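Just so you know, the protein sequences line up as chains G and E, in that order.
Last residue of the first sequence: 279 (the working numbering), numbering continuous.
Last residue of the second sequence: 279 (the working numbering), numbering continuous.
Calculated directly from the structure, the hints in this document are not laboratory data.
Just so you know, not all the hints are guaranteed correct.
As the list claims (entries may be wrong) - Selected chain E positions facing chain G (in silico; Cβ < 7 Å):
#: 1; residue: Ser84
#: 2; residue: Ala87
#: 3; residue: Ile96
#: 4; residue: Glu97
#: 5; residue: Met131
Please read all numbers here as calculations on a predicted model, not as lab measurements.
The beta carbon of each residue, even a glycine, is placed where N, CA and C say it ideally should be.
There are 2 protein chains.
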Amino acid sequence: MGFPLPDDPEYRAAIADLLGMLALGELAAFSRLAADAEMAPAIEDREAFARLALTEFTHYELLAARVREFGYEPAAVMSPYAEGFAAFHERTRPSTWLEAVVKAFVGDGIAADFAREIAEFVDGDSRSVIHATVAHEERSTVLLDLARRGMAADAHVSGRLALWGRRLHGEAITQAQVVAAQRESLAALLTDQFGGPGLDLARLGELFARLADRHTDRMALLGLTA
Amino acid sequence: MGFPLPDDPEYRAAIADLLGMLALGELAAFSRLAADAEMAPAIEDREAFARLALTEFTHYELLAARVREFGYEPAAVMSPYAEGFAAFHERTRPSTWLEAVVKAFVGDGIAADFAREIAEFVDGDSRSVIHATVAHEERSTVLLDLARRGMAADAHVSGRLALWGRRLHGEAITQAQVVAAQRESLAALLTDQFGGPGLDLARLGELFARLADRHTDRMALLGLTA
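Pulled out of the complex, with its shape left as it was, chain G reads as follows (with noise of 0.2 Å):
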């Protein structure tokens, strides 16, 4: 998909702040997930649940290490973005152990769908980047086993967290709205402004589309309707 290498000044500015969004979801992923640990009532799966939040920091470590091989401060880039994402776990704070696990299953993968669907408009190696902090088969065996141990113990409590589920793709699919429509070097990126493969209304649709079959692929997974 021929598109320049980052020479473009324009081109590093936004390309930077695209990795600053990423860096800061996962700093506060961290946060999120090793507070919501606490929630475990085993103290094995608190700590599973910690080492999640730990691969997360692990992750927010090589997008901040690629903002800085732009030339940027990662915090600079990624400070634009701390309130919306402090927005969105402040309307998903899950109120029980199971839902913690559904949110880190469910939420995270909407985002790192989002990550993998925005990796396709920035130069290879960001991309590469990219993609090391999306490689989550061993996170989602964790989290599934968490899940459905937990479901198996409360027969009754799959219709709550369907809506669960329901809600948390809603609120995500709303921030990520929000930012594109709010960063004007992330909507040039996605659009064709740096001569990249562009993104239409239409194929932006498609885009969302993608994320919505994808969230109802892992709510199957996990049992439950999307």
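The hints should help you fit chain E onto chain G, whose structure is shown.
Chain E in isolation, oriented as in the chain G frame:
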């Protein structure tokens, strides 16, 4: 201070129990620091705080590994302490970033002093592990810097933080005393049941007096009255 190597099963159980208490403390501190990091006004400070949380997790792993060397499952020896630590953190939930910083400096400082004191009552290898989890010089430097910058930005905050420090000390000492009283194996370690140095009421009083002195020193480093 010659006392037997831990081949006595009861003695081993008592040490494993003690290590479990410290391990749970580290895991709880990990979650709290990671969550409190979100209160940081600047992303750089947020990252610095998150890194302190990561260090606590590393300490948790050291302690859990030592528990396994004694033939115990970490979760089993940690579980009895989960409620106590949760209650402590619930009662000392910071409401501002500076309260979070002071809690990390003062609260975890008291916990480290307590760990150092009881390390005198365990075998040499376990003592080395405990000492590795309380070597906090770099941490203190980071926290003092965060606290001083925060207080410099708000000259009127020191009175409230002095009260906050006093409350943290009170809650921490209360928790230490409750734990010592409730856990028979810990009481057995601290007294001379296993032929160790032992700790009568007078020496226990001296121990808490030392903790109070070091707390006063830490508060002084912050420029606060204990």
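Return the numbers of the hints above that this structure violates; sort them in rising order.
none
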